[in-house]
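Enquirer: Sequence:
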Amino acid sequence: MADSPISATPYEVLGVSSTATHDELRRAYRKLARETHPDTGGNAARFVAVQLAWERIGTPEDRAAYDRGRPTTRAYDEPHESWAAPSGRAPAQDTRPPARAYGHPGGWRRERFLGLMREWVGLGAPLPDPYDPALVRSAPREIRHLLADALAEEATARTISALGIAYTVWHDVSTGYPDEKIDHVVLGASGLFAVLSEDFGGQVRVKGGELIGEAVGGERPVNDLGHRVKALQRGLRLKFTGLVIVVPDDDLAEPIIDLGKVRGASAAVVRHSYLPALLREGLPGSALSGGNEVFDVRTRLLAGIRFVE
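Residue numbers (the UniProt record's numbering): 1 to 309.
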């Protein structure tokens, strides 16, 4: 799996500067390997992360390749996958018509990312490739998070598109303020869903109906989604039947975790790969009554939804 822009770099995992000498790097690795080893009371997941970090930059050759933003010489490393915006439609995988889609998934966050990258590099300074992996990795976390979320939104959009013409989706939906947008509004016979695509760069857990974890920090994504849905429902005069937060597969211990009721709707956090099943099967109580209701809801959404600018 390709790295996320917000994933901790090998230097961050090992607790050293990117300018550290090779000896400093080796000492940091040996210290952390001892401290995190499960046989000495350490954390197994942390130990694995330390090993992977060392494998990425443990030799001068691999470190130089990583610093250039290219794959290392290790056989198991996958080729670098570009973080640049998609250049056009992907080749069709089958002949089925895709879901009907409106809006530009990831577009608002990409614009914010590019604007902040230009400010961070310096207005007027040359910026030939804002998506250069080495440059992105050196940017502040806030900027990297914008790109990570844009990529997550684009991945979710591709997944929803593959569900077929029985579904309709609106991307980058405004609730009044750009920072409080809903990434995807999805309509099908299984329900009307408000979906956030998130990538925090680390594992998330659930406590008290909210997402927690070191990577989540002080954010409250479930609460935020509930407030955004409330604002959108007021404007549309419609009730959402499902609230969903999508995270990368590696960041959630189970395929789906129930979050209970949020603003009267069933809510869940789900691995990206499980999203199609959730949208086909729905959540408890999320299904609409039939084709006529789906048609009526779609008509009102088409008339009332506005997109972030």
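One thing to keep in mind: the hints can contain errors.
Derived lysine to any residue pairs resembling SDA-like cross-links, with alpha carbons at most 25 Å apart [as the list claims (entries may be wrong)]:
#1 K230 with T299
#2 K230 with A189
#3 K239 with D132
#4 K31 with A215
#5 K239 with P178
#6 K207 with R220
#7 K207 with G217
#8 K207 with K261
#9 K261 with P284
#10 K207 with G235
#11 K31 with N43
#12 K230 with A162
#13 K239 with A215
#14 K261 with A231
#15 K239 with S138
#16 K239 with H104
#17 K230 with G304
#18 K239 with Q203
#19 K261 with Q203
Hints are computed from structural coordinates only; laboratory data are not their basis.
Enquirer: Next step is simple, just say for each hint if it's right about the structure.
Expert: Hints, verified against the model:
{"no.": "1", "hint": "K230 with T299", "result": "holds (20 Å)"}
{"no.": "2", "hint": "K230 with A189", "result": "holds (22 Å)"}
{"no.": "3", "hint": "K239 with D132", "result": "violated (42 Å)"}
{"no.": "4", "hint": "K31 with A215", "result": "holds (23 Å)"}
{"no.": "5", "hint": "K239 with P178", "result": "holds (21 Å)"}
{"no.": "6", "hint": "K207 with R220", "result": "holds (11 Å)"}
{"no.": "7", "hint": "K207 with G217", "result": "holds (13 Å)"}
{"no.": "8", "hint": "K207 with K261", "result": "holds (14 Å)"}
{"no.": "9", "hint": "K261 with P284", "result": "holds (10 Å)"}
{"no.": "10", "hint": "K207 with G235", "result": "violated (31 Å)"}
{"no.": "11", "hint": "K31 with N43", "result": "holds (14 Å)"}
{"no.": "12", "hint": "K230 with A162", "result": "violated (28 Å)"}
{"no.": "13", "hint": "K239 with A215", "result": "violated (31 Å)"}
{"no.": "14", "hint": "K261 with A231", "result": "holds (17 Å)"}
{"no.": "15", "hint": "K239 with S138", "result": "violated (43 Å)"}
{"no.": "16", "hint": "K239 with H104", "result": "holds (24 Å)"}
{"no.": "17", "hint": "K230 with G304", "result": "holds (15 Å)"}
{"no.": "18", "hint": "K239 with Q203", "result": "violated (31 Å)"}
{"no.": "19", "hint": "K261 with Q203", "result": "holds (23 Å)"}
Of the numbered hints given earlier, the model fails hints 3, 10, 12, 13, 15, 18; all others are met.
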